[in-house]
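J.: With the sequences and hints as input, model every part of the structure.
From first to last, the protein sequence lines are chains A and B. Numbering (my numbering) for the first sequence: 1 to 191. Numbering (my numbering) for the second sequence: 1 to 170.
Hints were generated in silico from the structure; no laboratory data involved. Watch out, some of these pointers could steer you wrong.
Said to hold, decoys possible - One-sided excerpt, in silico: chain B residues whose CB lies under 8 Å from chain A:
1) E56
2) V57
3) S59
4) Q162
Note that beta-carbon positions come from the ideal geometry of N, C-alpha and C, so glycine has one too.
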Amino acid sequence: MARLKVPVTPHDHIRGPADAAVTLIEYGDYECPHCGAGDEMVRELQKHFPGRLRSVFRHFPLYEVHPNAEAAAQGAEFAAAHGRFWEMHEGLYQNQERLGLPLLFELATDLGLPEAELRRVLDTGEYASKIRDETRGGVRSGVNGTPTFFIDEQRFDGPLTFDGFVDAIESRLNPKPPKPSLWSRWFGRRT
Amino acid sequence: MAKILAAGTVAPDFKLRVTADQWLSLSDLKGRPVILAFYPSDWSPLCGDQMVLYNEVLSDFRELGAELLGISVDGVWSHQAFAKDRHLHFPLLSDFHPKGAVARSYGAYREDEGVCERALFVIDGNGVIFWSYLSPIGVTPGADGILEALEALSNQSKQDGQAEGSSHAA
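T.: Printed below as a string of structure tokens:
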């Protein structure tokens with residue numbers, strides 16, 4: 001079973017309380033429609049588990065099939081530098097059908113972020129290596145497509161449905177006690 | 001579930017079509033590690049499917065000196081269209097006729113469905129299987145296992161090289 005190799009740190013993009021019992025980590029791509037649907041589901045899950053679930057987003061742009069994904073990730077990192085990552089992130093997913101440079105600039109303007117700086121970030125690829133590093137960390141952790149989710153350190157291989165996640169998160173929150181071994185049951189009866 | 005060939009087994013040689021008029025043999029690649037990735041079919045509806053993912057990791061595989069080959073029972077024209085659509089930069093081999101014969105020789109054929117398993121093999125430069133992995137049905141394997149195997153193989157080759165060097169010196 002694949003396990004997360006890159007631990008969550010305060011440098012990650014995190015939604016929800018730092019002391020939440022469970023962390024849901026997503027490796028995603030802004031041009032991937034499944035990731036768009038996945039982001040909506042993550043927000044629903046956080047409403048379902050108030051205060052107990054935090055979510056982390058890491059970049060995994062598929063450079064070869066999604067020509068706009070990397071620029072979008074750069075735009076999100078640019079917004080993060082101004083403390084507005086999640087607004088940009090949600091704006092990108094909510095307008096995914098229009099993904100491209102005009103949308104990036106429109107969202108930046110709406111958030112009151114400096115256009116000239118965004119232009120420079122995109123020209124110089126300022127965050128390209130950060131994004132590449134996140135992707136590589138994802139590959140090493142067993143990312144097997146987009147989106148890939150981890151619940152705490154464990155890759156989630158179940159169905160990508162709301163109920164599938166609720167079940168998995170609930171079993172993290174309330175782990176079943178291990179069954180007593182045959183030996184302890186036998187020994188317990190004798191004493 | 002199939003029982004795939006294990007590490008230490010000599011990899012069965014094969015000759016399969018890559019395009020309508022090009023063939024590729026495993027023995028053509030002797031001398032360097034080869035990754036064989038058997039997969040059920042082209043055109044998986046996911047945009048980030050297994051072959052798309054490996055395509056993204058291709059430079060890491062090549063840095064470790066390895067060649068990647070995808071194998072399914074799809075025909076060459078399907079492979080060609082799929083590779084073009086997903087911008088794949090590695091060969092897709094067609095185990096089309098007799099259907100699944102190569103997959104079968106690796107124990108990686110799903111008889112009831114008539115498709116390849118999701119099975120991975122890392123073959124060393126001498127044509128011996130160094131690592132193999134059969135993915136549970138419904139779970140796509142990532143590239144992590146392949147990279148770890150290639151690194152272990154590279155470390156082993158270095159150690160063998162050093163041992164050989166020191167024995168020559170002795």
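J.: Taking the hints in turn, state whether each one holds.
T.: Taking the hints in turn, this is what the structure says about them:
At about 6 Å, the closest approach between the beta carbon of B:E56 and any beta carbon in chain A falls short of 8 Å, and the interface hint on this residue holds. Interface hint status for B:V57: upheld, as the beta-carbon distance to the closest one in chain A is roughly 6 Å, under 8 Å. A distance limit of 8 Å between C-beta atoms decides the matter here; for B:S59 the minimum to chain A is near 10 Å, and the interface restraint is violated. Evaluation of the B:Q162 hint against chain A yields a violated restraint, the C-beta minimum of about 27 Å exceeding 8 Å.
Hints 3 and 4 from the earlier list are contradicted by this structure; the remaining hints agree with it.
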